[in-house]
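Visitor: Residue numbers (this note's numbering), protein chains in the order written: chain A, 1 to 113; chain B, 1 to 113.
To be clear, the hints were calculated from the coordinates, so they are not data collected in a lab. Model, not experiment: these values are computed from the prediction. Watch out, some of these pointers could steer you wrong.
[To be verified] Each computed SDA-like pair below joins lysine to any residue, with the alpha-carbon atoms no more than 25 Å apart:
| # | chain 1 | residue 1 | chain 2 | residue 2 |
| --- | --- | --- | --- | --- |
| 1 | B | K3 | B | Y50 |
| 2 | B | K71 | A | A45 |
| 3 | B | K3 | B | F95 |
| 4 | A | K68 | B | P39 |
| 5 | A | K100 | A | G17 |
| 6 | A | K5 | A | I18 |
| 7 | A | K100 | B | T86 |
| 8 | B | K70 | B | I60 |
| 9 | B | K55 | A | D31 |
| 10 | B | K55 | A | Y32 |
| 11 | A | K5 | B | R73 |
| 12 | A | K71 | B | G58 |
| 13 | A | K71 | A | K42 |
| 14 | A | K58 | B | D38 |
| 15 | B | K13 | B | Y50 |
| 16 | A | K100 | B | E17 |
| 17 | B | K57 | B | D26 |
| 18 | A | K42 | B | K53 |
| 19 | A | K5 | B | S87 |
| 20 | A | K58 | A | T110 |
| 21 | B | K55 | B | D38 |
| 22 | A | K71 | B | A98 |
| 23 | A | K68 | A | K42 |
| 24 | A | K58 | B | Y64 |
| 25 | B | K55 | A | I18 |
| 26 | A | K5 | A | S55 |
| 27 | A | K100 | B | F20 |
| 28 | A | K71 | A | K100 |
| 29 | A | K5 | A | R61 |
| 30 | B | K57 | B | R68 |
| 31 | A | K100 | B | K13 |
| 32 | B | K3 | A | E59 |
| 33 | A | K58 | B | G97 |
| 34 | B | K57 | A | N27 |
| 35 | A | K42 | B | K71 |
| 36 | A | K15 | A | K100 |
| 37 | A | K42 | B | G16 |
| 38 | A | K5 | A | T110 |
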Amino acid sequence: QQQVKQSPQSLIVQKGGISIINCAYENTAFDYFPWYQQFPGKGPALLIAIRPDVSEKKEGRFTISFNKSAKQFSLHIMDSQPGDSATYFCAASSGGSNYKLTFGKGTLLTVNP
Amino acid sequence: DVKVTQSSRYLVKRTGEKVFLECVQDMDHENMFWYRQDPGLGLRLIYFSYDVKMKEKGDIPEGYSVSREKKERFSLILESASTNQTSMYLCASSFQGARNIQYFGAGTRLSVL
Numbered sequence: 001q002q003q004v005k006q007s008p009q010s011l012i013v014q015k016g017g018i019s020i021i022n023c024a025y026e027n028t029a030f031d032y033f034p035w036y037q038q039f040p041g042k043g044p045a046l047l048i049a050i051r052p053d054v055s056e057k058k059e060g061r062f063t064i065s066f067n068k069s070a071k072q073f074s075l076h077i078m079d080s081q082p083g084d085s086a087t088y089f090c091a092a093s094s095g096g097s098n099y100k101l102t103f104g105k106g107t108l109l110t111v112n113p
Numbered sequence: 001d002v003k004v005t006q007s008s009r010y011l012v013k014r015t016g017e018k019v020f021l022e023c024v025q026d027m028d029h030e031n032m033f034w035y036r037q038d039p040g041l042g043l044r045l046i047y048f049s050y051d052v053k054m055k056e057k058g059d060i061p062e063g064y065s066v067s068r069e070k071k072e073r074f075s076l077i078l079e080s081a082s083t084n085q086t087s088m089y090l091c092a093s094s095f096q097g098a099r100n101i102q103y104f105g106a107g108t109r110l111s112v113l
């Protein structure tokens, strides 16, 4: 059972454009939603994260939008740059003693110059 | 900076061999994780540990075991490697006080022939 569904699987954007990656979840106990960025040959690294008490979080060109009622959240990359080309994973976890992150399947983003 | 080091970047083994993948973190993190990453499947949790000698099964523990004898070191063991265990293996660690933020190693690409 896939608990976090991510789309699209791949995305090609022109330099300066907006990249949008979407995720949907099923488990209403999830209370932490991070996005990880992975460059080729590297491990994933935390990019930005949000908790469900806010609907949006912005860090530089990266914004998470969160819709609790729809159980969806998305990553927006404004003014996309070739250096943003990477694989992006959304994830979710719940509190308490659960240390686990449940990851989406990933989106390969290519930003053309 | 947090450093999570995986002992090998590439490993080639034969079917039936016992394989050890080693991971060391230098930030005194309590929690450590092993994932496998396959194209189109994202990151799937194999095992995790929240303390020395403690371990819990993740989503796909079959065919794997783990060992954590020291806080900084977490080993993944393939008791009898099979071709379907050919994959990228990622180790991660997190601090108990911020356990949702996981720091990843660069990965070990294992080929089982």
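Visitor: Would you check the hint for K71 of chain A and K100 of chain A, treating anything up to 25 Å between C-alpha atoms as holding?
Guide: holds (19 Å)
Visitor: Under the criterion that the straight-line Cα-Cα distance not exceed 25 Å, is the pair K55 of chain B, D38 of chain B satisfied?
Guide: Holds. K55 of chain B to D38 of chain B sits at ~23 Å (cutoff 25 Å).
Visitor: So if I understand the rule, the pair passes when the alpha-carbon distance is 25 Å or less; does K57 of chain B with R68 of chain B pass?
Guide: Distance ~14 Å between K57 of chain B and R68 of chain B Cα, so the pair holds.
Visitor: Quick one, are K55 of chain B and D31 of chain A close enough, alpha carbons at most 25 Å?
Guide: holds (24 Å)
Visitor: Take a quick look at whether K3 of chain B and F95 of chain B sit within 25 Å of each other, Cα to Cα.
Guide: Cα-Cα ~13 Å, so holds.
Visitor: Can you confirm whether the C-alpha distance between K100 of chain A and F20 of chain B stays at or below 25 Å?
Guide: Holds, because 23 Å separates the two Cα atoms, which is no more than 25 Å.
Visitor: Is the hinted pair K58 of chain A and G97 of chain B satisfied, with a Cα-Cα distance of at most 25 Å?
Guide: Measuring from Cα to Cα gives roughly 24 Å; hence the hint holds.
Visitor: Run the distance test for K5 of chain A versus R61 of chain A: straight-line Cα separation, threshold 25 Å.
Guide: OK: K5 of chain A and R61 of chain A at ~24 Å, within 25 Å.
Visitor: Do the alpha carbons of K5 of chain A and I18 of chain A lie within 25 Å of each other, as the hint requires?
Guide: Since the Cα atoms of K5 of chain A and I18 of chain A sit roughly 21 Å apart, the hinted pair holds (cutoff 25 Å).
Visitor: Please verify whether K70 of chain B and I60 of chain B have alpha carbons no more than 25 Å apart.
Guide: holds (24 Å)
Visitor: Quick one, are K57 of chain B and D26 of chain B close enough, alpha carbons at most 25 Å?
Guide: At roughly 24 Å apart (the allowed maximum being 25 Å), D26 of chain B and K57 of chain B satisfy the hint.
Visitor: Just to be careful, I want the Cα atoms of K57 of chain B and N27 of chain A compared with a cutoff of 25 Å; is the pair within it?
Guide: holds (20 Å)
In the structure shown, a violation is registered for the earlier hints numbered 4, 5, 11, 13, 14, 15, 16, 18, 23, 24, 25, 31, 36 and 37, in ascending order.
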